[in-house]
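J.: By UniProt numbering, the letter at position 78 of the sequence shown is numbered 78, and the numbering carries on one by one without gaps.
Source of the hints: derived by calculation from the structure; they are not laboratory data.
Below 25 Å or equal to it, Euclidean Cα-Cα: the simulated PhoX-like pairs (lysine-lysine) are:
| no. | residue 1 | residue 2 |
| --- | --- | --- |
| 1 | 8 | 231 |
| 2 | 644 | 604 |
| 3 | 464 | 454 |
Distance ranges between label pairs, derived from CB positions:
| no. | residue 1 | residue 2 | range |
| --- | --- | --- | --- |
| 4 | 22 | 286 | 42 to 50 Å |
| 5 | 607 | 2 | 37 to 45 Å |
| 6 | 197 | 238 | 23 to 31 Å |
These numbers were taken from a predicted model, which means no experiment stands behind them.
All residues carry an ideal CB built from backbone N, CA and C; glycine is no exception.
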Amino acid sequence: MGQTLTEKILDDHLVEGELTPGEEIGIEIDQVLTQDTTGTLVWLQFEALGLEEVQTELAAQYCDHQTYQFDFKNTDDHRFLRSAAGTFGAHFSRPGNGICHNVHKENFAEPGKTMLGSDSHTPTPGGLGELAIGSGGLDVAVAMGGGAYYIEMPEVVNVRLEGELPEWATAKDVILELLRRLSVKGGVGKVLEYTGPGVETLTVPERTTITNMGTELGATSSIFPTDDQTKDYLERLGREDVFEEIGPDEDAEYADEIVVDLSDLEPLIAEPSMPDNVVPVSEVEGVDVEQVMIGSCTNGAYEDILPSAKMLEGRNIDKKTEMIVAPGSKQASEMLAREGWTAEMMAAGVNFSEATCGACIGIGHVPASDSVSLRTFNRNFEGRSGIEDDNVYLCSPEVATAAAIKGEIVDPRNLADELGDLEAPGLEMPDSYIGNSESDLIAPENAVDDELIKGPNIGDVPLKDPLETEVGGEALLKMEDNITTDHIIPATQDILMYRSNVPKLSEFTLSRVDDTFAERALEADGGVLVAGENYGQGSSREHAALCPMYLGIETVLAQSFARIHKANLFNFGIVPLTIDEETYEKIEQGDDIEVVDDAAEAVKSGQEEFTIRVNDDWEATGYLDASDREREILAAGGKLSHTKMQHDDGGAAPADD
Numbered sequence: 001m002g003q004t005l006t007e008k009i010l011d012d013h014l015v016e017g018e019l020t021p022g023e024e025i026g027i028e029i030d031q032v033l034t035q036d037t038t039g040t041l042v043w044l045q046f047e048a049l050g051l052e053e054v055q056t057e058l059a060a061q062y063c064d065h066q067t068y069q070f071d072f073k074n075t076d077d078h079r080f081l082r083s084a085a086g087t088f089g090a091h092f093s094r095p096g097n098g099i100c101h102n103v104h105k106e107n108f109a110e111p112g113k114t115m116l117g118s119d120s121h122t123p124t125p126g127g128l129g130e131l132a133i134g135s136g137g138l139d140v141a142v143a144m145g146g147g148a149y150y151i152e153m154p155e156v157v158n159v160r161l162e163g164e165l166p167e168w169a170t171a172k173d174v175i176l177e178l179l180r181r182l183s184v185k186g187g188v189g190k191v192l193e194y195t196g197p198g199v200e201t202l203t204v205p206e207r208t209t210i211t212n213m214g215t216e217l218g219a220t221s222s223i224f225p226t227d228d229q230t231k232d233y234l235e236r237l238g239r240e241d242v243f244e245e246i247g248p249d250e251d252a253e254y255a256d257e258i259v260v261d262l263s264d265l266e267p268l269i270a271e272p273s274m275p276d277n278v279v280p281v282s283e284v285e286g287v288d289v290e291q292v293m294i295g296s297c298t299n300g301a302y303e304d305i306l307p308s309a310k311m312l313e314g315r316n317i318d319k320k321t322e323m324i325v326a327p328g329s330k331q332a333s334e335m336l337a338r339e340g341w342t343a344e345m346m347a348a349g350v351n352f353s354e355a356t357c358g359a360c361i362g363i364g365h366v367p368a369s370d371s372v373s374l375r376t377f378n379r380n381f382e383g384r385s386g387i388e389d390d391n392v393y394l395c396s397p398e399v400a401t402a403a404a405i406k407g408e409i410v411d412p413r414n415l416a417d418e419l420g421d422l423e424a425p426g427l428e429m430p431d432s433y434i435g436n437s438e439s440d441l442i443a444p445e446n447a448v449d450d451e452l453i454k455g456p457n458i459g460d461v462p463l464k465d466p467l468e469t470e471v472g473g474e475a476l477l478k479m480e481d482n483i484t485t486d487h488i489i490p491a492t493q494d495i496l497m498y499r500s501n502v503p504k505l506s507e508f509t510l511s512r513v514d515d516t517f518a519e520r521a522l523e524a525d526g527g528v529l530v531a532g533e534n535y536g537q538g539s540s541r542e543h544a545a546l547c548p549m550y551l552g553i554e555t556v557l558a559q560s561f562a563r564i565h566k567a568n569l570f571n572f573g574i575v576p577l578t579i580d581e582e583t584y585e586k587i588e589q590g591d592d593i594e595v596v597d598d599a600a601e602a603v604k605s606g607q608e609e610f611t612i613r614v615n616d617d618w619e620a621t622g623y624l625d626a627s628d629r630e631r632e633i634l635a636a637g638g639k640l641s642h643t644k645m646q647h648d649d650g651g652a653a654p655a656d657d
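Turn these sequences into a full structure, and let the hints guide you.
T.: What follows is the structure, encoded as structure tokens:
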């Protein structure tokens, strides 16, 4: 039996375990990336582990989320990150240089490599044949120190592409179609591997749009084989030396197959407030639009913005609609400017933003009250844009631009009067990619700093004591399905500026669900969270586990967990127990919940079923799905404590096997 591309790459990097779906494997990591929201903790943890130098082939620190330095806290964080990169041996991308996924794709992504990143959209370079996985920052710190990354072997699903995209349909519509079919939970525990004759019709920028948003399916990763399109793209970047032709064996077997006929696709749009709430654009035509944004790591490349520029040439946007372009990288900005397209778009009424993630997480360009915002981003979770009752739609740059011209949602195929004879601009790649990356991307050998620089807002990483015999407490909060990491720790600028100050940041824990939670948790001195399906979906930010831990949360009872967040709960010593729907429905907020078993002993011994006693009145069963390694980490009080214990006992600091 032949291997899938995913299995080939994993096999080449396997250090422990077998490639059997559901079994834990350990893999060697070639590249790591982190960004300014998660990076401060990564480097503080790297320091706390006693590590002195990056051991992976490449590490890159990007400053892309909070590039607007509102006060000294953000600026101090960026200075600390620059000093950490210089001290430990990582590339440093300065604020404004661009979004980590875009800049990494342009400069470092390589076919056949493995990458771990402390950002959930790390799988973006899968469009270049790199197996990239998002994780919590502590996992990145350990991998940078030379430790293996452990994960359950995912199922590999074949997404077979046939046909060719028709006019006005785009790569964004491919991934929106998959979200429409599968939902935000449809990719959990899976790698989506794209095959079929339709693959060769898609350029690398189109492929990376698809792999980027595979994260919204809950997928572990998404990947394309390499071919002439990959080689051509790398040649235009001047990086043809890293090209390698890789793909699945002809007789590879997949866990499942999904067939998408590209020729059947039409312009699609995700309605508020979930990426899988997808309908044809034609079904929502006529909705007034006050804001249009083109950019983000999904659709912020030069190739994404150019069609919009061509649609706007010689035209004006509607007078009641604001349009902003936030390029994914400074390279994209520079190329558009040199070719005159920036001036063309500005003449049409478009404003340009710095190359940043900002607006995607509610930092800048927050929509007005009771208004509609069309965005080419990857997420439209309620409140993520910076205002609680937002109405954010997700679509392609072409659909977004059509709305800016018309002032309302419109199928671009119906814009003949406004666009005249203009046909669908289509994706156009430059002969070569230009841009002075050397000025904004500092290599380790050119490091500015050789020691850490910590401002007053940068604190230590709190450690948790080993797991105790008794686990439980008051059910401090009962939540619904699809609680995101944005619910747990909001990413708006007024909150996320405290990302390096855990005691202060924890004050905002779950404030979007209940603004009294943090205060009640501290007063309770321990407690339990209860949630429905897919708890912790969204960002990889480990603050969503670290802050509840700091507030004394001992266990989370949920019907199911998102992959990265569940791993983060283990990493910070919080017991994640799965409960059935009947138990979830029966538990009430304020109930007294006790895990009857000796928690520490049960976790260590491999026990899977735990008895939960509620109000000394009734009992139910919670299930702990964890490997032996995860159980050791949990019993120790988290991965940092566990790794330090091993190091103190004479073991290698980064190892945790």
